[in-house]
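Novice: If you read the sequences in order, they're chains A and B. First residue of the first sequence? That's 576 in the numbering used here, and the numbers climb one at a time after it. First residue of the second sequence? That's 4 in the numbering used here, and the numbers climb one at a time after it.
Read the hints as simulated data drawn from the structure, not as lab findings. Mixed in with the good hints, there may be bad ones.
Residues from chain B that face chain A, not an exhaustive set, calculated with beta carbons under 10 Å [said to hold, decoys possible]:
#, residue
1, 153
2, 188
3, 189
4, 193
5, 194
6, 195
7, 203
SDA-like, lysine to any residue: derived pairs with alpha carbons at most 25 Å apart [as the list claims (entries may be wrong)]:
#, chain 1, residue 1, chain 2, residue 2
8, B, 115, B, 34
9, B, 14, A, 599
10, B, 115, B, 148
11, B, 6, B, 106
12, B, 168, A, 606
13, B, 165, A, 602
14, B, 165, B, 129
15, B, 14, A, 600
16, B, 165, A, 598
17, B, 6, B, 208
18, B, 249, B, 32
19, B, 14, A, 602
20, B, 14, A, 596
21, B, 168, A, 604
22, B, 168, A, 602
Just so you know, even glycine gets a beta-carbon here, dropped at the ideal spot from N, CA and C.
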Amino acid sequence: MSFFGFARRRRSAPIARERLRILLEYERATAGQKDLMLVLREEILAVIGRHVAVDPEKVMVKVDRGTTVSTLEIDIEVPNVEMRASVPIPKFA
Amino acid sequence: MAKVLVVTSGKGGVGKTTSTAALGVALARDGQNVVVVDFDVGLRNLDLVMGAERRVVYDLINVIQGVVKLPQALIRDKRIPTLSLLAASQTRDKDALTEEGVARVIAGLREKFDWIICDSPAGIERGATLAMRYADAAVVVTNPEVSSVRDSDRIIGLLDAKTEKAEKGERIDKHLLITRYEAARVARAEMLSIDDVLEILSIPLIGIIPESEDVLRASNLGAPVTLSNPMSAPARAYLDAARRLKGETIEMTIPADKKGLFDKLFRRRAA
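Pulled out of the complex, with its shape left as it was, chain A reads as follows (with noise of 0.2 Å):
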């Protein structure tokens, strides 16, 4: 690595800085709040069990952040044999 090099990469403190900036802009608009992720994944899970059985260990849901726009990943592992009927299946003539 160029000397340049090594001396820009001692330079972290904008690094920090920017870090800093939108964590605490998101965690000041959400401060008091319920947990979003907490509250979204107690719902999903609450619709699909209605229609199927499902382990609640089996359902990941994940977050990232970015600066302008967020993605939410929601991981549902449905087994294929314990499709549960408690909602009966239109039938069709």
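Position chain B against the provided structure of chain A, taking the given hints into account.
Specialist: Frame of chain A; chain B shown alone:
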């Protein structure tokens, strides 16, 4: 009129107890009646930093539970007659602190002292929220480091929401005290600058305490740095901060140790 000041930070190890002791001495040296109160129940340390660890008989919890009267639990400093300490309990847990009990103790202290400085425990639980509960003003101790700044932001939110003053719709004065500041590292952009921290937290600055070996030396000795070495850089910074707390306007500087040729040649690496 008495002023209740909470020294808080959220994060541990940033210098709350050191700052409480140093500011307490600085204010009491001018003849004001000062009491420093340790709220870190179960993990008391203000007594040790103040050099009074062998003189603690009764503590805050004993007063709250009515075992003793307030004057019996106050430990008068041997070096500065206008300075007193109210220690935390080392054996009980933090649940022994009650809101009503703390209110009673603070009201009692208001009658005897000009300044009541509450040393908050780290975290945002009972001990920390009760330490700030009846405060008129807060000193938020922050290191120029990401986790400390984040926790300070959180604490500032709590000061604006959970204190008695805030609940009554009044304003609690918040002052930022930056500790362990290293000007050389800031110059190399390796450490958040004063402006960076001020911009993020946006509360007024009360002082900048430079990183210094005198601070550890002071706690080794059990004599706050403003007492053991008042001419040192951190002590001068604390003395200035104390004068600002009293309402004086003093230009904000970052005191530096004056180094002789010997220091420059041989001690540079160790600094």
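Novice: Now tell me if each hint is right for this structure.
Specialist: Here is how each hint holds up against the structure:
The criterion of a C-beta within 10 Å of any C-beta in chain A is met by residue 153/B, whose closest approach is roughly 7 Å, and the hint holds. Because the beta carbon of residue 188/B sits about 8 Å from the nearest beta carbon in chain A, less than 10 Å, this interface hint is met. For residue 189/B, the suggested interface contact is upheld, since its CB lies about 7 Å from the closest CB of chain A, less than 10 Å. Given hint, residue 193/B at the interface with chain A, holds; its Cβ is 6 Å from that chain's nearest Cβ, closer than 10 Å.
Residue-level restraint check for residue 194/B holds (minimum Cβ-Cβ distance to chain A is 6 Å; threshold 10 Å). A hinted interface residue such as residue 195/B counts as satisfied when its beta carbon comes closer than 10 Å to some beta carbon of chain A; here the least separation is about 5 Å, so the hint holds. Among the interface hints, the one on residue 203/B holds; its C-beta lies about 6 Å from the nearest C-beta in chain A, closer than the 10 Å criterion. At most 25 Å may separate the alpha-carbon atoms for a hinted pair to count; residue 115/B and residue 34/B meet this at roughly 14 Å.
With a C-alpha separation of about 16 Å, the suggested pairing of residue 14/B with residue 599/A holds against the 25 Å cut-off. Distance restraint check for residue 115/B and residue 148/B: the Cα-Cα separation of roughly 38 Å exceeds the 25 Å cut-off, and the hinted pair is therefore not satisfied. Only pairs whose Cα atoms come within 25 Å are accepted, and residue 6/B paired with residue 106/B is accepted, the gap being roughly 14 Å. This hinted pair checks out: residue 168/B and residue 606/A have alpha carbons roughly 20 Å apart, not beyond 25 Å.
The straight-line distance between the Cα atoms of residue 165/B and residue 602/A is roughly 17 Å, inside the 25 Å bound, and the hint therefore holds. Proposed proximity of residue 165/B and residue 129/B is supported: the alpha carbons are some 11 Å apart, at most 25 Å. Restraint check for residue 14/B and residue 600/A: satisfied, since their Cα atoms lie roughly 19 Å apart, inside the 25 Å limit. Annotation: proposed proximity of residue 165/B to residue 598/A holds, straight-line Cα distance about 23 Å (limit 25 Å).
With a C-alpha separation of about 19 Å, the suggested pairing of residue 6/B with residue 208/B holds against the 25 Å cut-off. Under the criterion of a C-alpha separation no larger than 25 Å, the hint pairing residue 249/B with residue 32/B is consistent with the structure, at around 13 Å. A threshold of 25 Å between alpha carbons decides the hint, and for residue 14/B with residue 602/A the separation of about 16 Å falls inside it, so the pair holds. Pair hint residue 14/B plus residue 596/A holds up; C-alpha atoms about 18 Å apart against a cutoff of 25 Å.
For the hint pairing residue 168/B with residue 604/A, the CA-to-CA distance comes to about 23 Å; that is within 25 Å, so the pair holds. Using a Cα cut-off of 25 Å, the hinted pair residue 168/B and residue 602/A holds, with the two alpha carbons roughly 24 Å apart.
Violated hints amount to a single one, hint 10; each of the other numbered hints is respected by the structure.
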